[in-house]
Amino acid sequence: MQPATGTVIEPLAVTFDAGQTVIDLDLAFLARRLAERGVVVERAALAAAAPAAWQHYDRLVDPAGGHPWRELMANLLAGAGIAAEQIPALVEWLWAEQPRANLWRAEIPGMVALARELRARGVPVGVLSNSEGRLAELLAEIHIADAFDAIIDSGAIGIEKPDRRIFDHALAVLGAARGIHIGDSWPADIAGALGAGWRAIWFGQRATPVNEPRVAVAHDADDVRAVLARWLAE
Numbered sequence: 006m007q008p009a010t011g012t013v014i015e016p017l018a019v020t021f022d023a024g025q026t027v028i029d030l031d032l033a034f035l036a037r038r039l040a041e042r043g044v045v046v047e048r049a050a051l052a053a054a055a056p057a058a059w060q061h062y063d064r065l066v067d068p069a070g071g072h073p074w075r076e077l078m079a080n081l082l083a084g085a086g087i088a089a090e091q092i093p094a095l096v097e098w099l100w101a102e103q104p105r106a107n108l109w110r111a112e113i114p115g116m117v118a119l120a121r122e123l124r125a126r127g128v129p130v131g132v133l134s135n136s137e138g139r140l141a142e143l144l145a146e147i148h149i150a151d152a153f154d155a156i157i158d159s160g161a162i163g164i165e166k167p168d169r170r171i172f173d174h175a176l177a178v179l180g181a182a183r184g185i186h187i188g189d190s191w192p193a194d195i196a197g198a199l200g201a202g203w204r205a206i207w208f209g210q211r212a213t214p215v216n217e218p219r220v221a222v223a224h225d226a227d228d229v230r231a232v233l234a235r236w237l238a239e
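Heads up, the sequence shown is in this note's numbering, so the first residue is 6 and it goes up one at a time.
By construction, these hints were calculated from the structure, which means they are not laboratory data.
Treat the hints loosely; a few may be bogus.
[Said to hold, decoys possible] Okay, the calculated beta carbon distance ranges per label pair:
(1) Glu146 x Arg121: 12 to 20 Å
(2) Arg230 x Pro104: 31 to 39 Å
(3) Pro192 x Arg75: 15 to 23 Å
(4) Arg235 x Pro56: 24 to 32 Å
(5) Glu47 x Gly202: 40 to 48 Å
(6) His148 x Gly86: 27 to 35 Å
(7) Ala145 x Ala40: 19 to 27 Å
(8) Gly202 x Ala89: 41 to 49 Å
(9) Gly115 x Leu65: 22 to 30 Å
(10) Ala57 x Trp100: 17 to 25 Å
(11) Gly86 x Arg169: 41 to 49 Å
(12) Gly138 x Ala49: 28 to 36 Å
(13) Ala89 x Arg230: 40 to 48 Å
Ideal placement from N, C-alpha and C gives every residue a C-beta, glycine not left out.
Throw the hints in and build the complete structure from the sequences for me.
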């Protein structure tokens with residue numbers, strides 16, 4: 006759709022959640038970390054346990070946007086066959102190590118490339134994530150920070166999704182008046198974006214169609230690209 010003559014087009018930004026949208030739980034890295042504690046578990050066993058652990062996680066996600074990280078990890082380790090008596094201490098150790106050795110470091114296929122494509126077209130692009138305050142350092146460590154104009158980390162600014170203020174902050178940082186947010190969590194990402202007046206793309210294999218015109222569902226990077234092509238052309 007072409008704008009009418011004289012119409013002022015407000016600048017639009019695109020933001021990505023981090024975990025389960027740009028980066029995923031790196032199961033091979035998790036297996037190596039567990040080995041440091043003398044626990045031998047194959048990546049394949051963790052991968053087999055992951056679907057059930059994520060299903061349990063989805064039922065536990067706090068409506069206010071918090072994430073029961075410890076329960077996810079405990080269910081994952083139990084499903085992979087780790088002895089029950091070892092799990093509490095392992096989970097606490099992994100949590101304590103998370104700021105230094107974040108387990109979410111595997112790129113989700115195509116999403117970083119998509120961010121780079123958008124930037125090349127002049128679209129302001131950011132990461133907007135509930136994280137521990139070291140997300141910028143993590144993305145630099147895994148060599149993808151330069152795909153984004155800004156990295157907005159709740160742990161660094163003291164505001165979490167779905168609070169509208171973090172979405173407003175993202176627009177200010179990115180120099181935009183409107184936003185499209187891509188994320189996997191309905192309460193934090195999608196409801197948060199809608200509450201801030203944005204459009205949203207619910208991302209991931211667990212996303213299901215909804216009767217909301219400002220929300221699209223995407224299961225992979227190609228789906229996201231197709232939605233953005235439509236919305237950015239309007």
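Going through the hints against the structure:
At about 18 Å, the beta-carbon gap between Glu146 and Arg121 stays in the expected band of 12 to 20 Å. Judged by the Cβ atoms, the range 31 to 39 Å given for Arg230 and Pro104 holds: they are separated by roughly 33 Å. Here the CB-CB span from Pro192 to Arg75 is close to 18 Å, well matched to the stated 15 to 23 Å. Range check, Arg235 to Pro56: Cβ separation about 31 Å, and the 24 to 32 Å hint holds.
Between Glu47 and Gly202 the Cβ separation comes to about 46 Å, which falls inside the hinted range of 40 to 48 Å. Against the hinted window of 27 to 35 Å, the Cβ-Cβ separation of His148 and Gly86 comes to about 33 Å, which satisfies the hint. Checked against the hint of 19 to 27 Å, the pair Ala145 and Ala40 passes, with Cβ atoms roughly 26 Å apart. Gly202 and Ala89 have their C-beta atoms about 47 Å apart, which keeps the hinted 41 to 49 Å range intact.
The given range of 22 to 30 Å is respected by Gly115 and Leu65, whose C-beta atoms sit roughly 28 Å from each other. For Ala57 paired with Trp100, a C-beta distance near 21 Å keeps the hint of 17 to 25 Å intact. In this structure the hint that Gly86 and Arg169 lie 41 to 49 Å apart at CB holds, the actual value being about 43 Å. Distance hint for Gly138 and Ala49: a CB-CB separation of about 33 Å, consistent with the stated range 28 to 36 Å.
Checked against the hint of 40 to 48 Å, the C-beta distance between Ala89 and Arg230 comes to roughly 43 Å, which is consistent with it.
Hint violations for this structure: none, all hints satisfied.
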